[in-house]
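Student: Residue numbers (the working numbering), protein chains in the order written: chain B, 1 to 160; chain P, 1001 to 1593.
Listed next, the in silico DSSO-like pairs over lysine-lysine satisfying Cα-Cα at most 30 Å (straight line):
id, chain 1, residue 1, chain 2, residue 2
1, B, K57, P, K1192
2, B, K57, P, K1164
3, P, K1326, B, K57
Partial chain P-side listing against chain B, Cβ under 8 Å, derived:
id, residue
4, N1163
5, G1169
6, A1170
If you are wondering where the hints come from, they were derived from the structure by calculation, not from laboratory data.
Idealized CB from N, CA, C, for every residue including glycine.
Single-letter residue listing:
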Amino acid sequence: MSSIKVELHENQVNELVEVCKSFSNDPFELIHVLHKAQSIFGYLPAEVQEIVARELKIPVAKVYGVVTFYSFFSMIPKGQNPISICMGTACYVRGAEKVLEEFKRKLAVEVGETTKDGRFSLNCLRCVGACGLAPVVMVGDKTYGRVSPDGVQEILAEYM
Amino acid sequence: MDKINLIIDHKPVQVEPGTSLLKAAQQVGINIPTLCYLHLEDLNIENKPGGCRICVVEVSGRRNLAPSCATVCQEGMVVKTNTMRVLNARRTVMELILSDHPFDCLICAKSGTCDLQKTAQDLGIREIHYKGEQSHYKEDRSPSIIRDMDKCILCRRCEMMCNKFQTVGALWGINRGFTSVVAPAFEQDLVKSTCTYCGQCVAVCPTGALTEVDNTNQIIRALANPKKTVIVQTAPAVRAALGEEFGMEPGSLVTGKMVSALKQLGFDYVFDTDFAADLTIMEEGTELLKRLTNYLNGNKEESLPILTSCCPAWVNFFEEYFPEMKDIPSTARSPQQMFGAIAKTYFADKIGVDRKDLIVASIMPCLAKKYECQREEFKTDGNPDVDYALSTRELAALIKQSNIDFLSLPDADFDKPMGESTGAAVIFGTTGGVIEAAVRTAYEVYTGKTLERISFEELRGMEGIRHATIDFNGLPINIGIAHGLGNARELLESIKAGTCNFHAIEIMACPGGCIGGGGQPLHHGKSGVITARQKAIYQEDLAKPIRKSHENPYIKELYTEFLGEPLSEKSHHLLHTHYFDRSKVKVVIPKTK
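Take these sequences, add in the hints, and give me the full structure.
Tutor: Shown next as structure tokens:
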């Protein structure tokens, strides 16, 4: 059993069970299921992984193995507005690191953390496939291109 | 299909299609080093992730070196296994592995039997040219197994045994890159995982990353304490394997030498778990017949099959995964625990020693026995029936520490009364043995006739799941046998689905049964070692003057003097147990083939 105890909403759990069903509870669909699970809960706490394991009939150690392998999956709750900075080659050479530093400074969090008010979380990812717009920042599903450190405040303001 | 012809190190080789380069090379006497690769042929167990790259070879026409374990032979291939390029690559791989491995070989529990150490020696590594970060993990101690992941080389053999063979699912590779490690879910300790302590991860670990809890010092201390009477019991599978620790051929029976060694170590009485195995047959066999009779008389509340309960990893397994079926296994305690219960009551009274001053040690081929003897239900006022369970390997270590020249020891006999046993008890050490022993007794008790042939060849073998029908004087008794928890799961699922028509099922957690237990001398991937031990066990059975448990005179005496009869109130109290729902995560893992 997991040491961290999280209260899961019943309707969310039911939704997850339905998601598993929609993939025929096929263990080979684990990554897809986790992807959907993360979009339901915002993150993948141990309890969610245990439900996925139970539904797909696989060991929870295997689910945890996959969750920890892919940087996309997180066991820390995401903020209401998850910020992802692309650190792919194109974005990196066009100054993504400086943009990241500015986000860290403005939000007072490190990569992988969530602000105290739960409003923002900060993460890096590798290439969103929009290299022409480098450097790229995503907030939730919205994409911002050609972001400069000066533009960071303007992006954050949209969500304040 | 036509055979494949190729050339390895200038030698022509002909192999079946699908053969790996590694196996083809072995056919012509070329032993390519391996680390992650593991193949127990007679047991159909294989680990072939192609991850360590120690087994690389040069294949003409191929730009890169090929991992020989995972490369299939093709017609006309020309392979070189010992060119300078190959040797340099292997050394580089080994140096990189060692650059993140502790250097405490001299005091490591696996020293001398470590595959990593041996391979590094064989490759002639004398210097590590790479310096980098070192992994550090918290040591994880369970009642049976110690995980020291600083020593893990990510071969994934343990993961394969735990998941594919045992379907226990306690261990899995987590994280990526440098932080990769094999761990239970959420990196919690083994005690919080679904681990059954079968010890098969320890049995295949090529390094000191997975080892057993060492109880040798407690034994040395107990033996040195004049206030304590220290007695020992030895499980049947130990005598068929202990000799290997002293350089003897696998399959050498060393019963007499083992008893001599234990006497020389200073145990006050050297007894045999086989005595308790005979007792198990009396209790379990009677329970089988009682349940069978109830069932045949149409008692709707009686359910069959009855499942054996000698194997502690198997008990842990069904308590974890099939708690709803916990009423099906026999309530008979394992022979180790029956021995402890009788030793600390009947025998303690006989010699006039208080149970607190009687130390019961057991030598077991098993690591789950260490956990079993610590279970609360096997204690009286906090005092355990069995104080310490040591593995076969630990006994060998004790013998070596005590300057005993094992090979030159004369044969000695077990002490009486709890050292006397029958051939039926000896075969408890192998898959199929417990049920064969039960059949020998149950047949004669049920039919009132004497068995014409005592050996039941139809129950023997190495197949993962076996079945046979034994004629009980016109009544066909269907018997199932499984070894390996993945095979056990398959049988349990069929019981659950109602598609199973067995009356009795024997289950052992380890490959081959106790002879392949997690506490046995390491087989280093050679399944022939396990089959040789099986032969030795049947050989000992044949040599025994008495081969049926109910004919053991000391068992008869125990019932007359103390227990009354099988399933008596006293028997129930001392020799039977109950099971618990210990399921942590309600997950059912299907067996992968």
